[in-house]
Every structure is written in C-alpha cells, then in structure tokens.
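Engineer: Dock chain D against chain B, hints included.
Residue numbers (numbering that gives the first Met the number 0), protein chains in the order written: chain B, 0 to 338; chain D, 0 to 338.
Note: identical chains are not told apart, hence a pair may lie in one copy or across any two.
Below, simulated DSSO-like cross-link-like pairs (lysine-lysine); rule was C-alpha separation at most 27 Å, straight line:
hint, residue 1, residue 2
1, LYS306, LYS150
2, LYS306, LYS83
3, LYS150, LYS28
Honestly, the hints are just simulated from the structure, not real lab data.
2 protein chains.
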Amino acid sequence: MSSYGIGVDLGGTNLRIAAVDDRGTLLEKTTLGTQVSRGRSVVVNDMVQAIRSLATKLQRSGEMAGIGIAVPGIIEMETGIVRKSPNLPDWADYPVRSEIEKALGTSVILENDANAAALGEKWQGAARDFDSMCMLTLGTGVGGGLVFDGKVWHGMNGMAGELGHMNVEPEGHPCGCGSIGCLEQYASATAIVRMAREALASGVDTQLRRAAEPGRNEEFNSRIVFQLAIQGDPIAQDIFNRVGRSLGRKIGDLVNALNLHMYVIGGGVSSAWEAFSPALYEELRKRSLVYVATAPERPESPSPQGKHTIVTRALLGSDAGLYGSARLPLQQVQIVSTM
Amino acid sequence: MSSYGIGVDLGGTNLRIAAVDDRGTLLEKTTLGTQVSRGRSVVVNDMVQAIRSLATKLQRSGEMAGIGIAVPGIIEMETGIVRKSPNLPDWADYPVRSEIEKALGTSVILENDANAAALGEKWQGAARDFDSMCMLTLGTGVGGGLVFDGKVWHGMNGMAGELGHMNVEPEGHPCGCGSIGCLEQYASATAIVRMAREALASGVDTQLRRAAEPGRNEEFNSRIVFQLAIQGDPIAQDIFNRVGRSLGRKIGDLVNALNLHMYVIGGGVSSAWEAFSPALYEELRKRSLVYVATAPERPESPSPQGKHTIVTRALLGSDAGLYGSARLPLQQVQIVSTM
Numbered sequence: 000m001s002s003y004g005i006g007v008d009l010g011g012t013n014l015r016i017a018a019v020d021d022r023g024t025l026l027e028k029t030t031l032g033t034q035v036s037r038g039r040s041v042v043v044n045d046m047v048q049a050i051r052s053l054a055t056k057l058q059r060s061g062e063m064a065g066i067g068i069a070v071p072g073i074i075e076m077e078t079g080i081v082r083k084s085p086n087l088p089d090w091a092d093y094p095v096r097s098e099i100e101k102a103l104g105t106s107v108i109l110e111n112d113a114n115a116a117a118l119g120e121k122w123q124g125a126a127r128d129f130d131s132m133c134m135l136t137l138g139t140g141v142g143g144g145l146v147f148d149g150k151v152w153h154g155m156n157g158m159a160g161e162l163g164h165m166n167v168e169p170e171g172h173p174c175g176c177g178s179i180g181c182l183e184q185y186a187s188a189t190a191i192v193r194m195a196r197e198a199l200a201s202g203v204d205t206q207l208r209r210a211a212e213p214g215r216n217e218e219f220n221s222r223i224v225f226q227l228a229i230q231g232d233p234i235a236q237d238i239f240n241r242v243g244r245s246l247g248r249k250i251g252d253l254v255n256a257l258n259l260h261m262y263v264i265g266g267g268v269s270s271a272w273e274a275f276s277p278a279l280y281e282e283l284r285k286r287s288l289v290y291v292a293t294a295p296e297r298p299e300s301p302s303p304q305g306k307h308t309i310v311t312r313a314l315l316g317s318d319a320g321l322y323g324s325a326r327l328p329l330q331q332v333q334i335v336s337t338m
Numbered sequence: 000m001s002s003y004g005i006g007v008d009l010g011g012t013n014l015r016i017a018a019v020d021d022r023g024t025l026l027e028k029t030t031l032g033t034q035v036s037r038g039r040s041v042v043v044n045d046m047v048q049a050i051r052s053l054a055t056k057l058q059r060s061g062e063m064a065g066i067g068i069a070v071p072g073i074i075e076m077e078t079g080i081v082r083k084s085p086n087l088p089d090w091a092d093y094p095v096r097s098e099i100e101k102a103l104g105t106s107v108i109l110e111n112d113a114n115a116a117a118l119g120e121k122w123q124g125a126a127r128d129f130d131s132m133c134m135l136t137l138g139t140g141v142g143g144g145l146v147f148d149g150k151v152w153h154g155m156n157g158m159a160g161e162l163g164h165m166n167v168e169p170e171g172h173p174c175g176c177g178s179i180g181c182l183e184q185y186a187s188a189t190a191i192v193r194m195a196r197e198a199l200a201s202g203v204d205t206q207l208r209r210a211a212e213p214g215r216n217e218e219f220n221s222r223i224v225f226q227l228a229i230q231g232d233p234i235a236q237d238i239f240n241r242v243g244r245s246l247g248r249k250i251g252d253l254v255n256a257l258n259l260h261m262y263v264i265g266g267g268v269s270s271a272w273e274a275f276s277p278a279l280y281e282e283l284r285k286r287s288l289v290y291v292a293t294a295p296e297r298p299e300s301p302s303p304q305g306k307h308t309i310v311t312r313a314l315l316g317s318d319a320g321l322y323g324s325a326r327l328p329l330q331q332v333q334i335v336s337t338m
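Okay, chain B solo, but in the shape it has when bound (with noise of 0.2 Å):
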C-alpha cells in the first residue's frame, strides 16, 4: 500500500489542503471556504476538521505519513514558532505547530509557502529532473526558495530563500524590510502597478492612462499592465522589461554564485512570462559568467539533458505549495526508513 502526505496552504485570504501520494498523484484538493481575516483560532479549528475528514475518507487509500503546512511567514524552524508574517500579523510568534499538533494528536512540519512551493516544483515541477533548484515566487510581494540535493535549504535558522530582498537597485525604491531597491520592487504584482502608477504621474502618453481611471469596473491590477504590454503599449512595455531586467539581474548573481541546474520562475506575475523573459535572457547573458559558460542553445525550450543553467516557468501554478508541503512529511518518511 502507498502512504500519501496532507498538504496545507496557509494563504493571505484562503486555506487549502490537499493529500498526494507517495508517487506525486494528488488525490484529493479542496479550498475551505475559511477567511483567514476571522483569526488564528477559527484557521486552526477549520485547518484540523478538514486535515481528520480527509484522513478519516483516505483511509483505505494508504498510510498517512504526516502533515506539512506552508505559511507565509518567517518561521523558527526549531520551535515551529511563526516569527514574522506580514499577510497575517495575528500569527506572529504563535506556537502555531505545538497548537496543531495538539489539537491532532499528530506531529506536523511547518515551512514557510515560498520554500514549499519551491519543493513542490522541485518535486512534481518544472525542476523534477534535477536534484537542486531555486524558485522565485512573483506574487504581491517575491518570495524565494533554495532545494539543494532534494531538501529545501533552511540556512541557520530558517531565514535562508529570502530573495526578494536581494538588491537590484543601489539606490532604488524603499521596501517594507528596511532597505531600498530590493527585487520585491522590481518584479511583484505590487511593484508592477507602482512602476505603471509612476509613469502615467510622469504624463507620458500610454493606454495605461484609461486603464488606470478611477470609476472604472475593472480594479487596475498588474494583469492589465500586462495586456496592454501584449498589445504593444511601448510604456507597458517598458515596465516588463524592467521586471525582466531585475529578475535577470539577480539570477544572474545566484547563478554566478550557486551555480545550480534550475531556476524557476512562479507566482501570479509568471503568467506574464512573455512581456518580461526576453529582457531576463537578455540580462543573465551580460551579467553572469557562469551563465553564458553554461546557457543551453535555445533557452526556451531547452534540452534537459546535458549540464546547462536553466531559467524556466513554473508548472505547478497554485499548487506548487500544496505538493511541497505533502511532500514534507513523505521525506521525512523517506529519510527514517533509509537510516
């Protein structure tokens, strides 16, 4: 009989928990209707009913090797204390695993959703094929995460991944984290509608000025920017490419440092992918050594044989979380039955 893991993902507005199987098959995948706004303690209450309905419908399906949560958030890895998470500020040095774990009577294994999500594309993804790889996460803000040899790569205290505070620009735009110009400013959804807010208050003449009318049905988010950028608006354009610029420029740097086979780029924003990789491919050419060393021939659509530095979308969409964290507790399986 095969064993499956519980996959939750704690999102900024929605809970969702899905069970896959030793194998990478999902087997089941439900969105509670649970707003997360209400509180800790009606997520948690909701989070562990639906993780024992689930268990108690698999139970003939197989084993179940555990439970693997994925949370926005920096999280003390040891204690399984969140210790920073802007999307949900009531969560913050919660002993969120020991509640868990209490309340299912089950040990459970906390990762921070960027890291998860990396794992799930490294796992069931666009880098299955390779044992280390770095993910982005380009959503409200940019959320990174390194697997090196299969596991994710925590650091000393489970801060590692942070690289959406890697620095573009010296002298750039402030970022909640204290410093300025950091990618989170270049390359979010977020920084996608500053970037075309600034220039529309700069009075050039684009399609981005209808588009950003107050009164209008439609909110002005960053896909808008993109469709206009896809029908040739030469300002929406120019926002794309410098998303593409600052990705680039910052793979480069990881590529010259880490020199891994993968990067994969995920999250809301990577449906855009055609209005800013261009810019990207054309960024890591000038900027990394390692990776003009190593580009495969055609960088789109690259061969995975053979030892080149890929830099791809992701395939798991949103539920790149939700495998990485049923994967959690599937590994650590793995790992006590090899000793």
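Structural biologist: Quick look at chain D alone, frame taken from chain B:
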C-alpha cells in the same frame, strides 16, 4: 597512526606545498622556487618531485591520505581539466589532474583556489565552529567559496562560488568577465588602485598624489592607499568606505539568500580590515533583513554561541588554501570510511 594530506597551492607566481595531519596540524610547509611563468611542464615536474620527497620524508609520521591541489581558475570537476585560468593562461584546457596522476601513480583532487581557501578557513580557521560558511578572498581579483555542511559547494559543474562577479553597481565599471559593476571592481587590490587613480584624475586634494608620483621607489599599490586611509586622508578613506559598502551590499544579498552562520573575508586586502569593516557592517544593517534579525550584539567580537550571523576576518592568511587542499583527500577518506 594518524593520516595526513598533502596540499598544493598553485598561485599566479609561486608554488607552495604542505602536509597537514587529520587533526589539522601543519607538519611541513615549503615554497618551491619554481616560477609558474616558466610553463606548466616545469611546474608539474617540480610539483611531482616535491610531493614525492615530502611523502618519503613523512613516511613514518602517518599514512598519506592523498593529494589536493588548489588551482586559480574554473575547474571541470568530473574530468579534472582547468577550463579557464586568467592567471595561468597555458593551463587552460590542459588535463592537469590526469597528467599529475600519471606522473605520481596516485589519484589527486583538484579544487579552485578560492574554494580551497574557504575549506581551509572552515576546517582550521575563522569558521572552524560552523558547518556552513562563505568566504570572500580579496586579492588581485575577488574569489569566493561556499562550504555547505562541511563540504565545498560546487554546483552543477564546479563553477559555483564566483562571488566576485556578483553585481554591485548596475551601471558600474567594466569587468573582465564581460559584465559591468561586479564586486571585483570595487573590493580587489586592483580596484583600490584604480579608484585611487580615478580620484587623482578628478583633481582632488589628497596625500595619494605624492604617493602615486611616477619614479618613486615604492610601487603605488593598495597597501599605500590603506596606510593613507589610516593616517586620515579623506580620499583614501572614501575608497575604503566604498570597498566596505560594496562588500556589505553583496554579503547582505548572500545573508538574505543563504542564512549562513559565517562569512569570512580573507586575501591580501583583508589586512585593511579596520579601514573598510565599519562601512561593511553599516551597509549590511541597511540592506539585509536577515542580518538585522540575526546580528550579534557586537559584530566585531561576537560570541560563537547562539544563532548569529558573523562576518569576520580570515585567520589563516595565505595558508588557507594549503590547509583546504590538504583537507580534500582527508575528507574523502572520511566519507569512504563512514559509508
């Protein structure tokens, strides 16, 4: 009986050899008179003879575990071929490992010189209490090495650790690697002299002017700029502040990405530590949320206890690469014997 490793440091000018036992005691150290400029066959011949006589001399001191050779350049780990070596042009694409193995009748391990220095500092130097660390070697250029869980991180094909070519100034000074604004252009001995000449060309009033006059006995170098900085020359101080800021910016990126315990700065320029380290720490605090969350109370003299990010000077000086290269065969023996 203990075992020992033989380490060879093939520098741009000199060839150095040492034997270090498995407890880290330096048994022997010699600098061969061989000028590396006389070509690879002379060097290989002298190296092989020196290794043989060292092994003969030490045959009663323990078992020889093997030979490690630190080479400046990019090494293809699988084949043992030097792929690129700016300081040893006639070694490029030369199957150095198999040539030496043929002459010696035993296997040898090649390693990039900056990686070997990192491994040396991790084993017996500043990072000896930590499993994972990063080292920057500030010399003619800027080399880098990463040690994760006690072993050099090579990446996909041995090119990892090119930290001197991470980007500091997006529109900065051209670099030999093809990019512009690399760390090497702001933190190497070469860069310090260039920045001093740039300052002189701008016509500022500085003590550097007399020191740089043609026809003086002493060559104008980074040590003179350091001496003037220490003596209070504001232009020389500005240059070292820039060295520190550039290092702080890139170490900040590395701290955010990797969350390692320890970042070690070595190489000749590190003797100017007091001139550049204040700006380094200041920039780190500005740039890295992970550093701010993990900085020791006194960055300059941190306690090794606790999970702090420590940025400090190397301890082994120019012997780091000898210790590291001698460690390579000892480490291999250890891995085999625990399998």
